[in-house]
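Protein sequence lines correspond, in order, to chains E, X, G, Z, C, D and P. Each step along the first sequence adds one to the number in my numbering, with nothing skipped, and position 117 is 119. Each step along the second sequence adds one to the number in my numbering, with nothing skipped, and position 67 is 118. Each step along the third sequence adds one to the number in my numbering, with nothing skipped, and position 5 is 155. Each step along the fourth sequence adds one to the number in my numbering, with nothing skipped, and position 576 is 578. Each step along the fifth sequence adds one to the number in my numbering, with nothing skipped, and position 70 is 71. Each step along the sixth sequence adds one to the number in my numbering, with nothing skipped, and position 56 is 57. Each step along the seventh sequence adds one to the number in my numbering, with nothing skipped, and position 246 is 717.
Be a bit skeptical, because a hint or two may be false.
What follows is a set of in silico ranges between Cβ atoms, one per label pair, in the way DEER data are often shown [to be verified]:
1) D698(Z) <-> G525(P): 54 to 60 Å
2) G241(G) <-> E140(C): 35 to 41 Å
3) G525(P) <-> L201(Z): 27 to 33 Å
4) F24(Z) <-> N873(P): 29 to 35 Å
5) F541(Z) <-> T789(P): 31 to 37 Å
6) P661(Z) <-> D737(P): 48 to 54 Å
7) K84(C) <-> Q7(D): 34 to 40 Å
8) P943(P) <-> L28(Z): 30 to 36 Å
Computed cross-link-like contacts, BS3-like style, restricted to lysine-lysine with a CA-CA straight-line distance of at most 27 Å [to be verified]:
9) K127(C) <-> K88(D)
10) K91(Z) <-> K834(P)
11) K828(P) <-> K894(P)
Read the hints as simulated data drawn from the structure, not as lab findings. From a predicted model like this one, the values you see are computed outputs, not experimental measurements. Cβ coordinates follow ideal geometry from the N, Cα and C atoms, glycine included.
As a plain string of letters, each chain reads:
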Amino acid sequence: MNSVILTAGTRYLAGLLLIFSLYMLLRGHNEPGGGFIGGLIGSTGFILFAIACGTEDARTALRVPPQTIAMIGLGIALIAGLISIFFADPFFTGQWFFLGSTETEKGLPISTVLIFDIGVYLVVFGSVLTLVFAMEEEI
Amino acid sequence: MESLLAIAIGVLVATSVYLMLARNVLRFIFGLVLISNAANLTLFVAGRLTAGIPPLIKKGEIAPVGPVANALPQALVLTAIVIGFGLFAFALVLMFRTYTTLGTLYSDEMRVAEPREDTVI
Amino acid sequence: MIDFVAALLIFLGGLFSLVAGIGILRMQDVFIRMHASTKVGTLASGLILAGVAIQFSEVIIFIKVILIILFLLLTAPIAAHMIGRAALHLGIRPWSASNQ
Amino acid sequence: MDVPNQAAEWKTNIVAGLFPVFLSALIFSWFLTFIPSVADGVSTRFGIDWIPSLGISLSFFIDGLSLTFALLISGIGTLVFLYSSSYIKNHHHFHRFLLYLFLFMLSMLGVVLADNLISLFVFWELTTITSYLLIGFSHETHKGRHSALQALLITGAGALAMLAGFILIGLTVNSFELSEIILEADTLRAHELYAPILLLILFGTFTKSAQFPFHFWLPNAMAAPTPVSSFLHSATMVKAGVYLMARLHPAFAGTDLWLWMLTIFGATTAVISSILAFRQTDLKLALAYTTLMALGTLTLFLGQESGYAMTAFATFLIVHSLYKAALFLVVGCVDNATGTRDANTLGGLAKAMPITAIVAALAAMSMAGFPPFLGFIGKELKYAGALGVASEPILVAGAVLVANSLMFAVAAIVAFRPFWVSSKTTYPKQPQEAPFAMLAGPIILASLGILFGIYPDIIEKTLVAPTVASLLGNIEQSKELKLWAGVNLPLILSICTVILGLALYLQHQKLRPALDGIFAKLPTFDQGWDKFLLKFKDFAAWQTRVQQSGNLHQYMFVVFFVVFASLATTTALKNAIFKPPDFSNVTWLGVGLVLLIIGAAIITTVTASRITAMATLGVLGIGVAIVFIGFSAPDVAITQLLVETLIVVLVAIALLRLPNLETEAGQRRPLDAILAISVGSIVTLILLSVLSLPLDRRVTDFFEQASWPEAFGRNIVNVILVDFRALDTFGEIAVIVIAALSAYALLRTTTPQSKK
Amino acid sequence: MNSLVVNLLFALSWVFFFGEFNALTLSSGFVLGYAVLWLLYPLTGGPSGYFLRVWYWIRLIGMFHYELVVSSISVFIDVITPKHRARPAIIEMPLSVKSDAGILLVTNLITLTPGTLSLDVSEDRKTLKIHAMFADNPEAVCAELKNGMERWVIDALER
Amino acid sequence: MAWILQIAVMISSLLIFVTVLLAFVRLILGPSLPDRVVALDMMTVAIVSVCGLAAVQSGDSAFLDVAVVLALVGFLATVALARFADKQILRGKNQEDKRG
Amino acid sequence: MSWYLAAPLAFPFLTAVLTFLIRSSKVGRWISLAGNVVLLVTALLLISQIYKEGILVTQMGNWGAPFGITIVADYLSSAMILITAITATAVSIYAIADIDSHKEHLGYHALFNVLIGGVIGAFLTGDLFNLYVWFEVMLISSFGLLILGGSKEQIDGGVKYVTLNLISTILFLTGIGLLYGIAGTLNLADLAVTVPNLENQGLVSVIAVLFMIAFGVKAALFPLFFWLPASYHTPAFSVSAIFAGLLTKVGVYALIRMFTLIFNGDLVFTHTILLWVAALTMITGVLGAAAQNDFRKILSFHIVSQIGYMIMGLALMTPLAITGAVFYLVHHIIVKANLFLVAGVARILTGFTDLEKIGGLYKSAPLLALLFLIPAFSLAGFPPLSGFWAKYILVAAALKINSWFIAMIALLVGLLTIYSMTKIWAEAFWKPHPSGLSPELSQINCKNQFLLLTPIALLAALTLIIGFIPQPFILFAETAAEQLLNPSLYIAAVLGNFS
Ligand code: NA
Ligand code: NA
């Protein structure tokens with residue numbers, strides 16, 4: 003798509019979408035959002051990129067093949083689910099660690115649940131891009 | 052409102068069945084989108100409807116105050132939507148590839164895997 | 151007072167929205183229809199969102215609303231450009247009064 | 003192939019060929035050791051549990067009946083193996099042949115020794131399989147394959163019916179052990195299932211023993227090499243059916259059903275097959291039909307309960323095995339030596355093959371029933387038995403007379419004429435005496451015929467009487483075997499047989515064309531079978547074409563029709579809807595929204611423009627998203643919108659290379675429309691019914707209470723997704739990954755074929 | 002535009018998303034913004050150095066909203082009145098603005114001003130096709146846009 | 002919530018709904034692909050307003066998140082469709098799409 | 472404790488991820504094999520643990536039933552998992568020779584292992600919606616495997632497979648929605664407690680029928696089986712082997728689970744339907760096989776026919792009948808997968824699967840002939856092979872409760888099965904090759920010969936073992952049936968003190 007306007011706009015929109023997607027991912031546990039939504043939004047950023055500048059550029063920008071991202075995501079989600087077994091809990095039991103907790107505040111939560119959600123994000127992100135890039139390259 | 056949506060779901064099902072029964076598999080694809088929506092809505096409605104109270108816990112509370120919408124069907128629908136998307140995407144690509152490989156979108160012209168008797172013998 | 155302003159904005163937004171809708175239905179060609187949708191439609195959403203922000207009167211909501219409006223302002227013209235360009239390539243001639 | 007290699011192969015073949023001879027001889031001698039105890043009326047039972055939970059054991063039982071069979075099987079088996087080691091040693095499948103034949107022998111031994119009905123059935127089917135492989139030994143010819151299949155299907159059908167019978171026996175007497183079933187004979191005969199059980203089992207035995215009208219597979223099975231025919235048709239396979247009837251005789255005999263079934267089928271088979279035998283010119287086929295005659299006769303006797311009949315059965319069983327095996331082997335020698343088995347061409351072979359000629363003559367005289375051969379005793383007993391039948395003795399004796407006379411004639415045709423009547427034919431090969439290994443069997447078997455004829459006591463006390471005891475329960479009813487029983491009705495009938503048989507033999511060249519004329523007009527069962535198979539194939543093809551038509555529209559129509567029909571029927575039958583729907587809380591905006599959704603759906607359906615369809619799908623997605631927004635599901639709404647967007651993006655990409663939709667004009671599909679509306683309506687009805695019931699919310703209640711305190715999340719939907727039901731989500735992302743990979747693979751995969 | 006500026010903008014938007022302005026959100030936003038820019042640099046080309054002109058930006062934003070409202074009202078009137086007053090035409094306007102951001106901003110603003118709608122920029126980035134509602138005098142329309150919107154944008158971005 | 006606000010939201014909802022319907026009609030009528038895309042785009046923007054109204058109605062700002070997403074990604078569908086029209090022309094398959 | 476259940480579920484996915492990330496095809500195939508061997512070990516551990524302790528349960532995420540997702544394995548599940556692992560291991564050996572590096576590069580191993588993961592998930596889950604998810608995992612990976620190669624046949628078969636299976640998926644989801652709508656729970660054990668106490672039992676029957684149709688499509692029951700013969704003859708042989716062995720069986724498993732545990736309140740209605748469906752499935756399938764003239768098409772139609780037997784067991788619903796169904800399931804997976812593997816070797820040797828174009832294998836490849844005969848005769852129900860006992864138990868079960876009609880059908884279909892299996896034998900093995908070739912196994916290089924024939928031989932050996940020593944297997948199936956017919960065991964194990 004050799005549209006100057008679209009290319010110029012994409013430059014900002016794609017970045018915004020990526021950042022926004024990460025935001026949606028991280029806050030998802032407490033407000034609407036989460037890995038799915040985050041991953042979908044993130045992928046729309048790159049889809050826009052692919053439409054505006056072509057898949058070749060988009061793939062270059064992504065650096066890693068999207069399939070690989072998706073698979074890594076699946077692996078992360080799986081491992082996040084299995085970690086709990088080492089804590090003698092059934093699998094997929096959330097393990098929570100609070101950074102800098104005080105008496106009144108729990109602190110910053112780091113959890114296997116979050117890691118799981120990151121896996122979900124990567125899967126959705128990678129998979130959607132795999133699909134769209136492959137289709138784009140067919141036409 | 053549940054009853055009204057039940058009717059809408061019925062219409063969605065009817066239209067999608069009609070589309071799926073078409074010879075052109077592209078219509079099947081459209082039908083698939085419709086019927087997935089119907090199924091998702093069924094699941095959603097089955098959890099009964101609550102207007103205007105999302106299943107979120109306000110800051111400072113430990114549980115929702117008062118009734119909130121049924122969260123479980125929402126989670127299920129969300130899962131179903133995403134799965135439906137995956138299946139849809141594959142089906143779409145399949146029809147695409149079908150056209151580029153077999154040169155037709157008409158299901159009654161797709162007779163490679165199950166050839167007509169008269170053409171084989 | 152806040153309620154009143156919010157109500158006004160929301161009402162105006164609805165009204166502008168309706169006008170955009172009518173415009174899109176009854177304007178002569180696709181270009182003119184785009185005039186309706188890009189300008190009036192965006193403004194309508196902006197007004198309603200402004201009403202929402204005023205009604206909530208919270209910083210986060212303000213920020214969110216500003217973001218939404220910004221996104222709309224950024225995307226709407228690009229979208230219009232894409233559509234217009236396609237229309238041009240399709241060879242659609244602008245409507246002109248002399249043709250009627 | 004080079005010479006030393008061939009020599010080496012020949013040597014291994016000799017060793018391989020003699021190995022089964024040795025083994026079967028060993029088995030035979032082992033069975034011999036049971037003779038004293040069996041003669042004393044002692045039976046032996048041994049076994050192990052196999053499937054105790056189903057009452058199936060691997061148990062064996064040796065009494066007079068089973069020992070007689072076992073000795074015949076292993077004895078004749080030994081000789082047949084000896085014969086084979088020479089006859090077929092150059093065949094490239096020689097080893098396979100020996101293996102099959104040996105397995106066949108073992109299976110046959112299993113059948114006659116098994117005490118447990120299911121074990122018996124297992125061995126029974128093993129004989130079916132091995133005989134299938136043996137009959138199809140010349141598998142490269144169409145006839146070989148055809149005959150093997152025919153035998154397999156007919157005996158297989160019978161076997162399956164028999165299995166049902168066995169299971170029913172097990173259910174009625176609560177045991178599969180024959181030794182116990184016999185004790186429960188009265189219960190069995192009085193049971194309401196007696197008739198079905200009997201008929202099912204007789205179907206199995208009749209097919210296996212080639213009783214009319216299932217007889218036609220047996221002559222076709224002559225496609226097998228001669229040793230196989232000899233073995234299968236003399237002592238083994240085909241007698242399995244007879245054995246089973248004999249085995250069950252104590253439990254089943256004594257009813258009218260039993261009597262008439264066996265008498266009618268036996269007599270019919272005996273007469274028809276002997277006529278058929280008479281008209282054959284192929285020596286092997288002629289013998290095969292006489293086997294049928296023998297089987298018919300044996301069946302006929304098993305219908306009875308008299309001592310004469312049973313003694314006749316036991317004796318004739320042995321006689322027939324001896325001479326039939328010998329004659330088959332002789333025919334094999336002749337075939338081997340001359341390259342033909344045509345009775346009309348063969349002649350004057352006595353000069354070239356004197357030993358064979360003498361052996362043939364000995365066996366034939368036993369078959370024809372000349373004194374002092376065992377065959378004579380057998381025949382006398384047959385007449386005695388026939389005259390002593392419970393009902394219609396004249397008819398039965400007449401049938402036996404006809405059959406015996408024809409058999410006499412056939413014996414002459416097969417074993418006399420080729421050797422002693424001169425012929426001008428020149429043979430493809432110069433006839434020569436067969437090697438010793440091939441002659442040994444016929445010599446021994448034929449000699450036994452005369453030996454037992456002169457000294458009938460040898461077998462009377464050891465085999466015949468114990469067999470009769472197995473059949474009737476006591477040894478006393480066994481009749482004496484003697485060459486001279488004085489001038490009585492059987493002797494007169496014997497004389498008639500000789501006269502009639504001689505006359506038939508002398509006229510056989512003239513009678514044959516006449517018979518052929520008659521038979522040519524009659525449809526044969528063989529052709530009937532072929533026609534039946536053809537019809538069956540046509541039917542199968544037709545029904546498959548109708549169902550698996552290859553037309554996707556039809557498939558989907560059927561599936562949706564099933565959905566509608568079964569749901570509607572069930573709804574109506576089960577009165578599933580009993581509350582009217584509640585429309586009280588409907589809002590105008592809701593109505594509008596639903597109208598938007600319905601409108602979008604309908605336009606998607608009817609539009610001929612794919613662009614419109616794509617856009618209306620987008621509208622539908624938006625409409626559904628508004629539903630989610632309106633009913634408090636922001637996460638779902640966001641997802642729905644994102645997914646709808648992606649769908650539009652993907653479709654927009656795909657459509658670039660796809661053709662336009664057809665215009666809908668002239669393509670109305672009223673039937674599809676009716677079905678579609680029906681399915682939609684039934685879904686709505688069921689859903690309305692579901693929604694009229696209250697919902698149990700305890701699972702959601704738990705989530706609401708646990709979400710923040712236990713799972714540290716305020717967005718309950720997300721907590722369900724990543725914690726409460728994380729496994730769903732895991733599966734779901736697996737779906738997404740694989741969907742992407744699959745689609746990617748689909749787009750990138752290539753085969754030479756698709757590249758074209 | 003300076004990459005640093007973009008980066009800061011991204012960091013700020015991250016802070017906005019969180020709605021909490023503190024060191025953690027700002028720094029994490031900065032890092033993220035950097036990462037995103039790094040991802041996107043095949044697209045952005047190289048860095049360019051311009052000062053942020055706060056005043057021009059404010060003027061730009063203000064004018065922009067003003068024009069939006071005015072144009073909406075004019076279309077509003079055209080829509081609700083039965084008579085079509087428009088004399089539309091497509092006119093070509095030469096572009097002075099060079100940068101991607103500038104072109105984007107100019108075209109967006111033109112779209113949002115009364116009676117004009119940018120349709121396409123030529124491949125050589127020198128002409129802009131505009132659909133004008135009241136195009137009795139194309140040169141006048143052109144001049145108005147060049148002295149208005151384009152001037153403001155160049156002031157804000159490229160001077 | 003103040004009655005005036007309630008009424009404003011109600012009226013505005015109705016107006017936006019009418020807008021959506023009008024846009025829908027345009028979408029069906031076409032006649033060209035750009036016309037349909039404009040209509041769909043218009044509907045998307047209208048839904049942003051709906052989200053705002055839902056937020057006011059429920060007092061829950063969660064719906065604004067939906068609006069943010071919509072403002073950002075709704076644009077993508079428009080772009081994809083517009084590009085579809087554009088590329089179709091290059092491929093000379095525009096007969097149907099011109100007619101609609 | 473949790474390990475026993477988590478490991479068989481997790482390993483396939485782990486293997487999938489590893490094989491995909493290490494994209495070198497040479498390493499990937501061995502990882503895949505190793506992963507499946509590990510899976511086999513975990514499956515053995517699971518089954519031995521269940522043998523010791525009875526039904527094993529773990530609550531995913533430590534959220535007690537009925538709130539979270541319960542993972543539960545009883546005798547049936549664990550047997551299915553073991554058989555799955557065995558088949559998967561066998562096929563992954565075979566695949567090393569059968570699957571080319573192009574397919575491997577496109578992710579064959581990942582697709583395959585995720586398929587196995589989905590199958591195992593379906594066997595292990597104690598939650599209805601989770602079952603749906605695993606069905607989808609299975610379905611989508613089967614899509615990918617089916618079309619890998621992209622031939623015209625595959626694409627065409629794929630269209631029918633995909634469309635009809637998608638319909639079934641939607642029906643399943645709708646069924647879940649409706650059932651949740653009346654019962655308010657998704658946990659199978661909890662549903663088993665809740666459903667019988669519902670006010671509107673008529674509605675329960677309707678939903679039961681809906682599930683029957685949804686699973687009926689998956690299981691390829693009459694008249695919903697069209698997708699199977701339309702597609703199973705098209706993909707790579709490893710793929711059709713694993714499909715033939717496992718996929719329809721998951722549908723059967725789901726039917727057995729649902730119609731013993733939850734929909735057991737109206738047996739006269741539901742199970743009578745099942746009985747008729749079973750009879751018609753058996754007959755149409757075997758007639759279809761009789762009408763075919765292609766190695767794989769015959770086998771495909773036989774799958775349909777054989778499914779009928781399993782459903783017959785379920786429909787009769789006596790301990791013996793369920794024993795038969797379970798035994799049949801296990802037997803059939805092994806035998807059917809093996810037959811497809813043999814078909815693959817035959818195809819490599821002769822170049823075709825059309826029976827008119829091949830022949831002579833009995834003479835030139837006797838080992839293959841033997842390896843074909845074992846599963847083929849087992850399928851045909853010849854004693855003492857596994858298929859005989861399977862049929863025997865079912866027929867005995869039918870006769871025991873005087874279901875003469877279905878027993879007769881089962882026996883008749885057995886005969887017709889013999890007919891069409893011997894057709895393959897006569898045409899591919901006995902008949903001389905039409906162009907006089909003698910396709911010998913030595914045409915295949917030594918390594919590939921080993922890789923292709925080892926799994927076939929292993930599965931054949933298993934068939935023989937089950938056939939000759941059936942007692943332990945039947946005992947196992949009996950216990951499985953006992954558990955299935957006593958839902959209270961399952962419910963108590965899952966809900967524990969929650970109930
Ligand atoms: Na717009
Ligand atoms: Na848009």
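Hint-by-hint comparison with the structure:
no., hint, verdict
1, D698(Z) <-> G525(P): 54 to 60 Å, "29 Å, violated"
2, G241(G) <-> E140(C): 35 to 41 Å, "26 Å, violated"
3, G525(P) <-> L201(Z): 27 to 33 Å, "46 Å, violated"
4, F24(Z) <-> N873(P): 29 to 35 Å, "51 Å, violated"
5, F541(Z) <-> T789(P): 31 to 37 Å, "33 Å, holds"
6, P661(Z) <-> D737(P): 48 to 54 Å, "50 Å, holds"
7, K84(C) <-> Q7(D): 34 to 40 Å, "37 Å, holds"
8, P943(P) <-> L28(Z): 30 to 36 Å, "33 Å, holds"
9, K127(C) <-> K88(D), "23 Å, holds"
10, K91(Z) <-> K834(P), "17 Å, holds"
11, K828(P) <-> K894(P), "14 Å, holds"
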